Amino acid sequence: MIDGIIEKYRGKPGALIHALTEIQHENRWLPREIMQKVADALEVPFSQAMQIASFYKTFSLTPKGRHEVHVCTGMTCHLRGAAKLMAKLEEITGLKPGETDTQAKFTLEAGSCLGSCSIGPELIVDGKHYGRMTPERAADVLKQYE
Amino acid sequence: MPSLQTTAELEELREQIRAARDPSKPCIAVCGGAACDGLDSAAVAAAFAAEIAAQGVAAKVDFRITGCHGYCNKGPNVLVGPGDVCYFEVKPEDVPEVVASAAKGEVVDRLVYRDPATGEKAVHMSEVPFYKHQMRILIGDIPRIDPTRIADYLAVGGYSALAKALSQMTSDQVLQEVKKANLRGRGGGGFPAGLKWETTKNAPEKTKYVIVNGHEGESGAFMDRAMLTGNPHRVLEGLIIGAYAIGAQQGYIYTRHDSPSMARHITAALEQAKELGLLGKNILGSGFDFDVELHFDVGIFVSGESSALMRSIEGNTPEPRPKYIRTSVSGIWDKPSNLNNVETWANVPEIINRGADWFTSIGSEKSKGTKLVSLSGHVVNSGVVEVPMGTPLRTIVFDIGGGVPEGRAPKAIHFGGAMGGSIPISMIDAPLDFDGMAKLGAPIGAGGLLVMDEDTDMIEMARYLLDFLVKESCGKCTPCREGMYQMLKILTNIIEGKGRKFDLERLADLTEVTSLGSLCALGKTSSDPLKSMLRYFKPEFEARIAAGSAAGSEAK
Chain A
1 MIDGIIEKYR
11 GKPGALIHAL
21 TEIQHENRWL
31 PREIMQKVAD
41 ALEVPFSQAM
51 QIASFYKTFS
61 LTPKGRHEVH
71 VCTGMTCHLR
81 GAAKLMAKLE
91 EITGLKPGET
101 DTQAKFTLEA
111 GSCLGSCSIG
121 PELIVDGKHY
131 GRMTPERAAD
141 VLKQYE
Chain B
1 MPSLQTTAEL
11 EELREQIRAA
21 RDPSKPCIAV
31 CGGAACDGLD
41 SAAVAAAFAA
51 EIAAQGVAAK
61 VDFRITGCHG
71 YCNKGPNVLV
81 GPGDVCYFEV
91 KPEDVPEVVA
101 SAAKGEVVDR
111 LVYRDPATGE
121 KAVHMSEVPF
131 YKHQMRILIG
141 DIPRIDPTRI
151 ADYLAVGGYS
161 ALAKALSQMT
171 SDQVLQEVKK
181 ANLRGRGGGG
191 FPAGLKWETT
201 KNAPEKTKYV
211 IVNGHEGESG
221 AFMDRAMLTG
231 NPHRVLEGLI
241 IGAYAIGAQQ
251 GYIYTRHDSP
261 SMARHITAAL
271 EQAKELGLLG
281 KNILGSGFDF
291 DVELHFDVGI
301 FVSGESSALM
311 RSIEGNTPEP
321 RPKYIRTSVS
331 GIWDKPSNLN
341 NVETWANVPE
351 IINRGADWFT
361 SIGSEKSKGT
371 KLVSLSGHVV
381 NSGVVEVPMG
391 TPLRTIVFDI
401 GGGVPEGRAP
411 KAIHFGGAMG
421 GSIPISMIDA
431 PLDFDGMAKL
441 GAPIGAGGLL
451 VMDEDTDMIE
461 MARYLLDFLV
471 KESCGKCTPC
481 REGMYQMLKI
491 LTNIIEGKGR
501 KFDLERLADL
511 TEVTSLGSLC
521 ALGKTSSDPL
531 KSMLRYFKPE
541 FEARIAAGSA
551 AGSEAK
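Going down the list, the sequences are from chains A and B. End of the first sequence sits at 146 in our numbering; the numbers just go up one at a time, nothing left out. End of the second sequence sits at 556 in our numbering; the numbers just go up one at a time, nothing left out.
Just so you know, the hints here were simulated from the structure itself, not pulled from any lab data. A quick note: this is a predicted structure, and the numbers were derived from the prediction, not measured. Some hints here could point you the wrong way.
[Claimed, not checked] Computed spacing ranges between beta-carbons, pair by pair:
(1) B:R110 / A:A139: 28 to 36 Å
(2) B:D289 / A:R66: 43 to 51 Å
(3) B:Y485 / A:A83: 17 to 25 Å
Here a beta-carbon is modelled for each residue, glycine too, at the ideal position from N, C-alpha and C.
All chains, please: the whole structure from these sequences, using the hints.
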């Protein structure tokens, strides 16, 4: 699968971000060997590939958990209590934003602004949105994920 | 569908599509917008599909999943045409009743809007307070089309402006019409789009690019996503017309990667437009060639800045360039590149179809047309709103928004996200206008309007916004990287009760240096919220510093 993505962009240095985005979506992180393969195939210096991968927040150079738990920290969600929700999730998962637990179950992330302001604060797990989230209900939502 | 060779063939196809449709046939439109999706509108939509089959009424009732209807906090939204009967907070168990009554042309009384104060009913969209004070020129079609089907867009008159431009107007005439309409950029700057187009058109290079900025990084802004997801063809039509006027051969749509339905809808729209020959070589037999590629931001705020965005399209890190190099002359790969916001492009087809005189008849003296506003925060009715420019903020916050929930008093109105500004509620009669709002210190930015209630801590809001920007600064220039960090430190100290004498003077100095010295708009405007808060809410800062130092001396 990853090889397919790399082949699709072989010889196209301008497609570096496209290639890395697709691999990130597929593999959920970018191991060093894959970065090297991408750089070779797209004919860009390895340092440039690493610069892109470390600059943009979507790319992860470390493995992520099976489930990505996002708390929207945009302005409206913040006004409506996102900080308390985040504190609760930090407590439940034992993680700080950006961290992954040792069993690789959850990665906790802060994201802003995800555009569902009317139903904030929002919890998003693997892309599924849970609107009007309260710290009390957050534990129940996470229980559904193994 | 076959590739269309002429504008006559396009009109023929439109007639065929319209003839096959019965406008009096009931149609159920379920909102699949971002907020409704978060309230599980997908389950409601699935229930409708199953129920229509179960009741055997597929021949009598149409059904579609659409983009954002607008009234987001009341989702899942369902609209039943003809007549636009609005149902709110629809659950899967309500579905059988809605289907049965739609088939009979009746209304489900218990699901219609009731005024929370008076209990008065509002059945049709034109009677619901949230909608009735709006002028929905840009977003009005969204509930009427399935955004993944080009036929739906053609049925509501889509691509007729493109046909008109290509067959009846020269590229200069198109440009003159947009200039005459005084269409100002909706992304934040309010710069006249026609003038920008002209600069790129007149630039000496032959290769030219046009770009849709759909990055929408402004916190609390969600209307561009609603527009692009709910009616991608309208934005695309505007872009193709603009490319024709400017003489560009290649277009880019740059948008967020974290909204799967948006990416899907844009991709489908591009494929369908190509298939019909509305993109590609010799569009509608005019001899004009144009193609569009989709690019994604991969998660950094500054890439919404025009020069940074262009670096990102080239495949580089999105570091902005100094502004004396104008991107309209030297942008992507140093070629002339005209960038406009989603909403700006979406305005173009209607200006071509109905003329600049029609467009300038709407709005205020210097801000023409309508404006999309994302209304959220401490407000009863929240969602995507479209009003004529010049509408008083009071209309938006109270008549449309229904005021602050739970009887609390409003304190401030914030516009423009992390680089905008806050004004006290006493200024609520100010009109929504580029220049007027900028003068007050709360430029409308892209159009995210936040209502803050009496319990809002303005110092904490200023700290929060700077904290966001500190993390998003690309770090290329020192004033932005360090200036914001120092401001954040002072604000954090004030909040923690460690405020010191002259902190406000230090903040005033820092805001000035950062604004003057930074390379791009992120740094230049990073202190705008703080400036506006110091301008209107200074006593709060002073009181907090005084209280903090008093507590500190007691502790000693």
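Here's how the hints hold up against the structure:
no.: 1; hint: B:R110 / A:A139: 28 to 36 Å; in the structure: 34 Å, holds
no.: 2; hint: B:D289 / A:R66: 43 to 51 Å; in the structure: 47 Å, holds
no.: 3; hint: B:Y485 / A:A83: 17 to 25 Å; in the structure: 21 Å, holds
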